[in-house]
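Chemist: Each chain is listed here by its residues.
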Amino acid sequence: MRLSFYQRHADKIRIFLFILIMFAITSPIILSYAWLILRSFSVDMNGFIPTKLTIKNWRFLWSEIKGYPNIWKTTFNTAFVAVMVMLLEMIMTSMGGYALSRFDFPGRTSMMKFILVLHAFPSVSLMVAIYYVLKYLNMLDNLWGIILLKAALETPWATWVMKGFYDGIPWEMEWAGLVDGYSRFQVWRKIILPLVKPGVAVTAVFAFLSGWSEFIFINTFIFSQEFWTLSKYVKATIGDFRFADYGLLSAVGVFYALPTIILFFFVSKYMIKLTIGGVKG
Amino acid sequence: MPSIRVVNLKKYFGKVKAVDGISFEVKDGEFVALLGPSGCGKTTTLLMLAGIYKPTGGEIWFDDQLMNDVPPKFREIGMVFQNYALYPHMTIYENIAFPLRAKKMEEGEIKKRVYDVAKKLMIEKLLDRKPGQISGGQQQRVALARALIKQPKVLLFDEPLSNLDAKLRMMMRAEIKKLQEDLGITSVYVTHDQAEAMTMASRIVVFNKGKIMQYGTPDEVYRNPKNLFVATFIGNPAMNLIRNLSYIRKDGRAFLISKSLHLELPEDVAKKIEEAKKQEGLVLGFRPEDAEIVHEESGLGFWAYVYVLEPLGRDLIINLKVSETDELIKVFAESGVVVDKDEKVFVKLRPEGIHVFDSETEELIV
Numbered sequence: 005m006r007l008s009f010y011q012r013h014a015d016k017i018r019i020f021l022f023i024l025i026m027f028a029i030t031s032p033i034i035l036s037y038a039w040l041i042l043r044s045f046s047v048d049m050n051g052f053i054p055t056k057l058t059i060k061n062w063r064f065l066w067s068e069i070k071g072y073p074n075i076w077k078t079t080f081n082t083a084f085v086a087v088m089v090m091l092l093e094m095i096m097t098s099m100g101g102y103a104l105s106r107f108d109f110p111g112r113t114s115m116m117k118f119i120l121v122l123h124a125f126p127s128v129s130l131m132v133a134i135y136y137v138l139k140y141l142n143m144l145d146n147l148w149g150i151i152l153l154k155a156a157l158e159t160p161w162a163t164w165v166m167k168g169f170y171d172g173i174p175w176e177m178e179w180a181g182l183v184d185g186y187s188r189f190q191v192w193r194k195i196i197l198p199l200v201k202p203g204v205a206v207t208a209v210f211a212f213l214s215g216w217s218e219f220i221f222i223n224t225f226i227f228s229q230e231f232w233t234l235s236k237y238v239k240a241t242i243g244d245f246r247f248a249d250y251g252l253l254s255a256v257g258v259f260y261a262l263p264t265i266i267l268f269f270f271v272s273k274y275m276i277k278l279t280i281g282g283v284k285g
Numbered sequence: 238m239p240s241i242r243v244v245n246l247k248k249y250f251g252k253v254k255a256v257d258g259i260s261f262e263v264k265d266g267e268f269v270a271l272l273g274p275s276g277c278g279k280t281t282t283l284l285m286l287a288g289i290y291k292p293t294g295g296e297i298w299f300d301d302q303l304m305n306d307v308p309p310k311f312r313e314i315g316m317v318f319q320n321y322a323l324y325p326h327m328t329i330y331e332n333i334a335f336p337l338r339a340k341k342m343e344e345g346e347i348k349k350r351v352y353d354v355a356k357k358l359m360i361e362k363l364l365d366r367k368p369g370q371i372s373g374g375q376q377q378r379v380a381l382a383r384a385l386i387k388q389p390k391v392l393l394f395d396e397p398l399s400n401l402d403a404k405l406r407m408m409m410r411a412e413i414k415k416l417q418e419d420l421g422i423t424s425v426y427v428t429h430d431q432a433e434a435m436t437m438a439s440r441i442v443v444f445n446k447g448k449i450m451q452y453g454t455p456d457e458v459y460r461n462p463k464n465l466f467v468a469t470f471i472g473n474p475a476m477n478l479i480r481n482l483s484y485i486r487k488d489g490r491a492f493l494i495s496k497s498l499h500l501e502l503p504e505d506v507a508k509k510i511e512e513a514k515k516q517e518g519l520v521l522g523f524r525p526e527d528a529e530i531v532h533e534e535s536g537l538g539f540w541a542y543v544y545v546l547e548p549l550g551r552d553l554i555i556n557l558k559v560s561e562t563d564e565l566i567k568v569f570a571e572s573g574v575v576v577d578k579d580e581k582v583f584v585k586l587r588p589e590g591i592h593v594f595d596s597e598t599e600e601l602i603v
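Order-wise, the sequence lines are chains A and B. So for the first sequence, the working numbering puts the first residue at 5; every next one is plus one. So for the second sequence, the working numbering puts the first residue at 238; every next one is plus one.
Treat the hints with care, since some could be wrong.
[Claimed, not checked] Pairs of lysine-lysine residues, derived as DSS-like cross-links and limited to a Cα-Cα distance of at most 30 angstroms, are as follows: (1) K117(A) / K254(B); (2) K362(B) / K349(B); (3) K247(B) / K310(B); (4) K117(A) / K291(B); (5) K446(B) / K194(A); (6) K254(B) / K273(A); (7) K194(A) / K448(B); (8) K367(B) / K356(B); (9) K508(B) / K201(A); (10) K201(A) / K356(B); (11) K239(A) / K139(A); (12) K446(B) / K291(B); (13) K194(A) / K341(B); (14) K194(A) / K348(B); (15) K264(B) / K496(B); (16) K201(A) / K340(B); (17) K194(A) / K362(B); (18) K515(B) / K194(A); (19) K252(B) / K117(A); (20) K264(B) / K201(A); (21) K194(A) / K310(B); (22) K252(B) / K349(B); (23) K340(B) / K194(A); (24) K362(B) / K446(B); (25) K341(B) / K201(A); (26) K414(B) / K448(B); (27) K236(A) / K56(A); (28) K194(A) / K390(B); (29) K390(B) / K310(B); (30) K348(B) / K201(A); (31) K357(B) / K446(B); (32) K448(B) / K362(B); (33) K194(A) / K291(B); (34) K194(A) / K273(A); (35) K349(B) / K194(A); (36) K508(B) / K496(B).
Just so you know, these hints were derived from the structure itself, not from any lab. These figures come from a predicted structure and were not determined experimentally.
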């Protein structure tokens, strides 16, 4: 029997073509990151080729730059917002998701429908209303204002996701805990919560990232440099009243993305195993 | 060990009446099975005994204590679930020790008790593993150990064997029965498998559609079913039924007749039918072992033709039909019996094996 070259290597050729196509699709993202990293270490660029290498663009790490706040203070602010949003969301969604999944209270179904509708509204459209609320609460130009705002806007959706994880835990598990001599709250803490850990992890990662990358609210409701976060810092390098410093912009951009990338490497293995809404085993 | 008394117990989920006014009693140390098809309310009843569901109405008594509002943790019960409900994130040791930790027991005592019960159930080698790493049969034993460790006063089983393969199920059936007898713990056992209920329980509550159909010993529910449901649900193969029969008396002799069947009745059976004042819509029932296949007419019985044969090794099930339109009748015969397909034979009934039901009320008349 004679087979053609294609027939003999069909699988390999198919995989090769597949990779080629995937690369073509993802290349705009990959290339722009590559450009960003190269640019941050060069004086100027000739297309994709750095003309001369330098680390001067990274000077913001060890010296104050005129017109910008201290980078470490800014990084701390960013982390503070991200971690607080994450903690608030973890606490609220792990309890709220359980309630939505397990308790049959009046208005439960309409509440779940409402959450979906609510999520469809772009938060930008709430900007003016939020301004008045924050002003009334005396939380303008205050990181706590941003934190509460982010947590409030994201909790409903994340609660919905957590509900899916709780739905996957059989009732018998809970009943067994009650029969074994524990209260409902103890059963939740000792048995059910450990079983939805993957859900809590997913919620936490998403909450952290959304806090870390928040820009619009920071840009709108934060005025003092001492409360800047990295997104605002990057925005400033593009400049309203100064010339854009592309070297600085690239370096700060890379610095800003670094924690996200590191975090991704830590949790990617864990996240890929999950399908939102269910636990295996 | 307490006795359990359930009085007019009800549980409604919205409009669905899952349990609709049932009453029964479990004596101190007794093993009672709740038997019925799926969705009949037996598990709901068990969950009310456990305190997980709150009754809509009625009372649950453990001895002279009303239990309706007592939370599960104060009921001193052990429970085994169909899917075992082992905690997947804990080791087997931690799973078994979990009920004792709720009591804030001292670590040394916990260890001693866990090893004792693990030894009794032959799972002491598995204590370091996680539930996902052991077989279904072993998980079953762990679930049993977890239920037994706190020395409960009442044991509740929710179809504990239905996830096991047939061979293992037979083995665990005997083991659970022995364990219950040795410990003398009052036990309620939910199952849809009539063989399990018959072999293990000292009394059986037969459920259907949220109501109790019959409560009695395995022998009673088998020999004297109170209604058509129990008659057909218990026994394998089920009781044979011939429907749409009329009662007549001719020349002083009593008969059940239909278009294709003509059966003379013993006098005592006939009297009872007359007392019930029913003439039409009668159902004749008899168990496969209460009939015999013979080649000539003798005693009580009727003619039928052989439909198909089912050899079982030790026995033979002969499937018969009275006429083309009637239901199948199954009769046990010894494997030596020779009959041909389509052969006309006489089905001879044992007089004490004859049951007559009223098809309207489904209740037993004789």
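Chemist: Give a verdict on every hint.
Modeler: Structure-based check of each hint:
A threshold of 30 angstroms between alpha carbons decides the hint, and for K117(A) with K254(B) the separation of about 29 angstroms falls inside it, so the pair holds. A C-alpha spacing of about 15 angstroms is found between K362(B) and K349(B), which places the hinted pair at or below 30 angstroms, so the restraint holds. Between K247(B) and K310(B) the alpha-carbon distance is near 22 angstroms, which keeps this suggested pair within the 30 angstroms criterion. Simply put, K117(A) and K291(B) have alpha-carbon atoms about 29 angstroms apart, close enough for the 30 angstroms limit, and the pair holds.
With a C-alpha separation of about 37 angstroms, the suggested pair K446(B) and K194(A) falls outside the 30 angstroms cut-off, and the hint is violated. A distance of roughly 48 angstroms separates the Cα atoms of K254(B) and K273(A); the hinted pair therefore is violated under the 30 angstroms criterion. At roughly 37 angstroms between alpha-carbon atoms, K194(A) and K448(B) are farther apart than 30 angstroms, so this suggested pair is violated. Restraint check for K367(B) and K356(B): the C-alpha separation of about 18 angstroms stays at or below 30 angstroms, so the hint holds.
The straight-line distance between the Cα atoms of K508(B) and K201(A) is roughly 71 angstroms, outside the 30 angstroms bound, and the hint therefore fails. Proposed proximity of K201(A) and K356(B) is contradicted: the alpha carbons are some 33 angstroms apart, above 30 angstroms. Straight-line distance between C-alpha atoms of K239(A) and K139(A) comes to about 24 angstroms, which keeps the hinted pair within the 30 angstroms bound. Our distance criterion of 30 angstroms between C-alpha atoms is met by K446(B) and K291(B), whose separation comes to about 19 angstroms.
Taken as a hint, the K194(A) and K341(B) pair is honoured in the structure, with Cα atoms around 15 angstroms apart against an allowance of 30 angstroms. Proximity of K194(A) to K348(B) is assessed by CA-CA distance (about 20 angstroms); at most 30 angstroms being required, the pair is judged to hold. Taken as a hint, the K264(B) and K496(B) pair is broken in the structure, with Cα atoms around 49 angstroms apart against an allowance of 30 angstroms. Distance check on the hinted pair: K201(A) and K340(B) sit about 26 angstroms apart at the alpha-carbon level, within 30 angstroms; holds.
Among the hinted pairs, K194(A) with K362(B) is consistent with the structure: their alpha-carbon atoms are about 25 angstroms apart, no more than 30 angstroms. Note on K515(B) and K194(A): the hinted pairing is violated, with a Cα-Cα distance of about 63 angstroms set against a maximum of 30 angstroms. Taken as a hint, the K252(B) and K117(A) pair is honoured in the structure, with Cα atoms around 24 angstroms apart against an allowance of 30 angstroms. For the hint pairing K264(B) with K201(A), the CA-to-CA distance comes to about 44 angstroms; that exceeds 30 angstroms, so the pair is violated.
As the CA atoms of K194(A) and K310(B) are separated by approximately 15 angstroms, the hinted pair is consistent with the 30 angstroms bound. Using a Cα cut-off of 30 angstroms, the hinted pair K252(B) and K349(B) is violated, with the two alpha carbons roughly 49 angstroms apart. With a C-alpha separation of about 15 angstroms, the suggested pair K340(B) and K194(A) falls inside the 30 angstroms cut-off, and the hint holds. Taking the CA atoms of K362(B) and K446(B), the gap is near 44 angstroms; set against the 30 angstroms cutoff, the hint is violated.
At most 30 angstroms may separate the alpha-carbon atoms for a hinted pair to count; K341(B) and K201(A) meet this at roughly 26 angstroms. Taken as a hint, the K414(B) and K448(B) pair is honoured in the structure, with Cα atoms around 26 angstroms apart against an allowance of 30 angstroms. As the CA atoms of K236(A) and K56(A) are separated by approximately 29 angstroms, the hinted pair is consistent with the 30 angstroms bound. With a C-alpha separation of about 25 angstroms, the suggested pairing of K194(A) with K390(B) holds against the 30 angstroms cut-off.
This hinted pair checks out: K390(B) and K310(B) have alpha carbons roughly 12 angstroms apart, not beyond 30 angstroms. Taking the CA atoms of K348(B) and K201(A), the gap is near 28 angstroms; set against the 30 angstroms cutoff, the hint holds. Of the supplied pair hints, the one linking K357(B) and K446(B) is violated, its CA atoms being roughly 39 angstroms apart against a limit of 30 angstroms. Taking the CA atoms of K448(B) and K362(B), the gap is about 44 angstroms. The hint is violated against a cut of 30 angstroms.
Taking the CA atoms of K194(A) and K291(B), the gap is near 24 angstroms; set against the 30 angstroms cutoff, the hint holds. Restraint check for K194(A) and K273(A): the C-alpha separation of about 25 angstroms stays at or below 30 angstroms, so the hint holds. Proposed proximity of K349(B) and K194(A) is supported: the alpha carbons are some 23 angstroms apart, at most 30 angstroms. Using a Cα cut-off of 30 angstroms, the hinted pair K508(B) and K496(B) holds, with the two alpha carbons roughly 23 angstroms apart.
When each numbered hint is compared with the structure, violations occur for hints 5, 6, 7, 9, 10, 15, 18, 20, 22, 24, 31 and 32.
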